[in-house]
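Colleague: So for the sequence shown, full-length UniProt numbering puts the first residue at 1; every next one is plus one.
Keep in mind that the hints are not guaranteed to be accurate.
[Unchecked claim] Cβ-Cβ distance ranges computed for the label pairs, FRET-style:
#, residue 1, residue 2, range
1, P139, T89, 27 to 35 Å
2, T19, T58, 41 to 49 Å
3, Q74, G154, 13 to 21 Å
4, H147, T118, 14 to 22 Å
5, T89, T150, 45 to 53 Å
6, Q46, W83, 14 to 22 Å
7, T19, E114, 20 to 28 Å
8, T54, K18, 21 to 29 Å
9, D55, T89, 21 to 29 Å
10, R113, R141, 18 to 26 Å
11, D144, R113, 19 to 27 Å
12, E90, P139, 32 to 40 Å
Rather than coming from a laboratory, the hints here were simulated on the basis of the structure.
Here the structure is a predicted model, which means the values were calculated and not measured.
All C-beta atoms, glycine included, are put in the ideal place defined by N, C-alpha and C.
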Amino acid sequence: MQALPSRSVETVCGWAIKTRLVRPDLEIQRHRRGTSPRMSAADQEQAVNRVVHTDELTAQDRAAAILVHVFGQQIEGVVGLTWNDVDVTEDLVAVRIGAVEIVLPDPLDEPWRELAATPGNDLTAAHPNSNWVFRGYSPGRHIDPGHLRTRLRGVFGTRAARLGTLHELTRLAPVAIIAEALGYSPATIERHAVDSAAAYARYVVAVRDT
Numbered sequence: 001m002q003a004l005p006s007r008s009v010e011t012v013c014g015w016a017i018k019t020r021l022v023r024p025d026l027e028i029q030r031h032r033r034g035t036s037p038r039m040s041a042a043d044q045e046q047a048v049n050r051v052v053h054t055d056e057l058t059a060q061d062r063a064a065a066i067l068v069h070v071f072g073q074q075i076e077g078v079v080g081l082t083w084n085d086v087d088v089t090e091d092l093v094a095v096r097i098g099a100v101e102i103v104l105p106d107p108l109d110e111p112w113r114e115l116a117a118t119p120g121n122d123l124t125a126a127h128p129n130s131n132w133v134f135r136g137y138s139p140g141r142h143i144d145p146g147h148l149r150t151r152l153r154g155v156f157g158t159r160a161a162r163l164g165t166l167h168e169l170t171r172l173a174p175v176a177i178i179a180e181a182l183g184y185s186p187a188t189i190e191r192h193a194v195d196s197a198a199a200y201a202r203y204v205v206a207v208r209d210t
């Protein structure tokens with residue numbers, strides 16, 4: 001379910017109070033940027049190992065999980081990929097994400113090769129000659145983002161994993177490079193970089209005080 005904008009929530013709550021469906025002292029806590037939970041580096045490593053080195057997920061789900069968990073992509077963007085965005089050759093597998101083409105090293109390429117060989121859901125009339133990478137169950141449609149998010153939840157929460165990835169990546173490369181490579185705005189990556197720096201500063205203080 002998609003979250004309502006804060007103004008829409010306030011409108012609904014105002015109506016509910018006016019019609020006495022809820023108590024008049026009801027208060028709505030506003031969401032603040034930067035307060036969403038994110039996976040720790042240790043949890044990220046464990047989840048990646050489960051995605052890459054086990055058979056808990058199908059090839060389709062593993063391929064999607066790699067984009068979300070390793071490259072910080074949003075589910076809505078992942079499900080919209082077509083095979084025009086992917087190159088699978090004997091030598092390499094590359095996926096176009098944002099402005100650049102990212103080469104997937106072994107073993108990250110394995111589920112993509114399997115998916116290219118057996119895309120899934122293509123043996124029915126619903127997907128004749130479909131170009132979607134992540135084919136859904138409705139005729140000619142890609143998989144529903146919410147459905148994919150639910151399927152991945154057994155291994156990791158997609159939002160927490162994506163935020164954790166962006167948080168860690170800001171420690172490894174300049175903001176502009178990450179933003180261009182992953183298709184994010186520099187302002188978005190900058191926020192994660194500031195959070196990452198603040199977390200590291202707290203760590204330094206804690207070590208100094210021990």
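Colleague: Out of the numbered hints, which ones does the structure contradict?
Modeller: Result: hints 5, 6, 7, 8 break, sorted rising.
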